[in-house]
Amino acid sequence: MTGPYLVRVFTSSVSGVGGNVGRLTLNQHPGSLVGTILIGYFLIPLFPNSITMYGTALCSCLFALYIS
Amino acid sequence: MKKPSVASTPPPALSNALRRYLYLTAAVTGAAIMIVEILGAKMLSPYVGLSHFVWTAQIAVTLIALACGYYVGGRMVDRSQQLNRLYWAILGAGLYLALTVLICEPVAFWCLNFNLAFGSLLASEFFFRPPWRCWR
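These protein sequences, in sequence, are chains A and B.
Going letter by letter, the first sequence gives residues 1 to 68 in this note's numbering.
Going letter by letter, the second sequence gives residues 69 to 204 in this note's numbering.
Next comes chain A alone, as it looks inside the complex:
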């Protein structure tokens, strides 16, 4: 739900919506790439799976709580 939510929040006029979607995608997909590399090459080899899952959950919670 983050994608459509942020597109709408960023958009103040229809004329700029293409650029907004582009910039959002430009941030989201490299984030996914970083996540893939992190989990594949660093987190799984270095930490137990449960610790990494708890860490991801904690990051998600802290990230939301910071702004709420």
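I should point out that these hints are in silico values taken from the structure, not numbers from a laboratory.
Check each hint, because a few of them may be wrong.
So the derived label-pair ranges between C-beta atoms look like this [unchecked claim]:
no.	chain 1	residue 1	chain 2	residue 2	range
1	B	Leu170	A	Gly40	21 to 31 Å
2	B	Glu193	A	Ser13	35 to 45 Å
3	A	Val17	B	Gly160	22 to 32 Å
4	A	Leu58	B	Leu118	18 to 28 Å
5	B	Arg147	A	Val17	11 to 21 Å
6	B	Ala185	A	Gly16	44 to 54 Å
7	B	Ile132	A	Leu62	20 to 30 Å
8	A	Pro48	B	Ile132	21 to 31 Å
9	B	Gly160	A	Val21	45 to 55 Å
10	A	Leu65	B	Val175	21 to 31 Å
Which chain A residues stay away from chain B? Per the calculated CB distances, all over 10 Å, these [unchecked claim]:
no.	residue
11	Val14
12	Ser15
13	Leu46
Selected chain A positions facing chain B (in silico; Cβ < 8 Å) [unchecked claim]:
no.	residue
14	Thr36
15	Ile44
16	Tyr54
17	Ala64
Backbone N, C-alpha and C fix where the C-beta goes; we use that ideal spot for every residue, glycine too.
Using the hints provided, position chain B relative to the given structure of chain A.
Just chain B now, kept in the frame of chain A:
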């Protein structure tokens, strides 16, 4: 870094700090989805293995969750553009994910009552669809 505010609804013009935080939100949730997708298959592997059934289930559930997330997010933001609702959903996804670690073993064993294809799909669906839906 100055803490961004989400008080106004909808913000007439987003502050630079808030704008940066929103872009960071997109990046972090994107990373979290991929981490949980790959790690989820690893977490289920002691119970259901790492065969093509498991990866098929994992990818299928990811795509279903993303589709549901886009739909729900679109509907929600049309009703209200309060960012608090988005971040509460992200918080809920994190809490749910922490819970899945605790109940992984009994649920995964229960899923073994079914054949491997359906059992792995069920396990993946139960554990990972809610957080993916919120993040994407």
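Each hint, compared with the structure:
In this structure the supplied range 21 to 31 Å holds for Leu170 (chain B) paired with Gly40 (chain A), their Cβ-Cβ distance being about 25 Å. For the pair Glu193 (chain B) and Ser13 (chain A), the supplied restraint of 35 to 45 Å holds, since their beta-carbon distance comes to about 40 Å. Range check, Val17 (chain A) to Gly160 (chain B): about 28 Å between beta-carbon atoms, so the 22 to 32 Å window is met. The hint said 18 to 28 Å for the Cβ distance between Leu58 (chain A) and Leu118 (chain B), and at roughly 26 Å that hint holds.
Taken as a hint, the range 11 to 21 Å holds for the pair Arg147 (chain B) and Val17 (chain A), whose Cβ atoms sit roughly 19 Å apart. The hinted window of 44 to 54 Å between Ala185 (chain B) and Gly16 (chain A) holds, with their beta carbons roughly 46 Å apart. For the pair Ile132 (chain B) and Leu62 (chain A), the beta carbons lie near 28 Å from each other, so the given range of 20 to 30 Å is met. The beta-carbon spacing between Pro48 (chain A) and Ile132 (chain B), approximately 28 Å, falls within the hinted interval of 21 to 31 Å.
The hint said 45 to 55 Å for the Cβ distance between Gly160 (chain B) and Val21 (chain A), and at roughly 26 Å that hint is violated. Checked against the hint of 21 to 31 Å, the C-beta distance between Leu65 (chain A) and Val175 (chain B) comes to roughly 27 Å, which is consistent with it. Val14 (chain A), annotated as away from the interface, keeps every beta carbon of chain B farther than 10 Å; the closest lies near 15 Å. Consistency note on Ser15 (chain A): stated as away from chain B, and its beta-carbon is indeed over 10 Å from all of that chain's, at 15 Å minimum.
The beta carbon of Leu46 (chain A) sits about 13 Å from the closest Cβ of chain B, which is more than 10 Å, so the claim that it is off the interface holds. A hinted interface residue such as Thr36 (chain A) counts as satisfied when its beta carbon comes closer than 8 Å to some beta carbon of chain B; here the least separation is about 4 Å, so the hint holds. A least Cβ separation of about 6 Å between Ile44 (chain A) and chain B falls short of the 8 Å threshold, and the interface hint therefore holds. For Tyr54 (chain A), the interface hint holds, since its Cβ comes within 8 Å of a Cβ in chain B; the closest pair sits about 6 Å apart.
The beta carbon of Ala64 (chain A) comes within 4 Å of a beta carbon in chain B, closer than 8 Å, and the hint placing it at the interface holds.
When the structure is compared with the earlier hints, a violation turns up for hint 9 alone.
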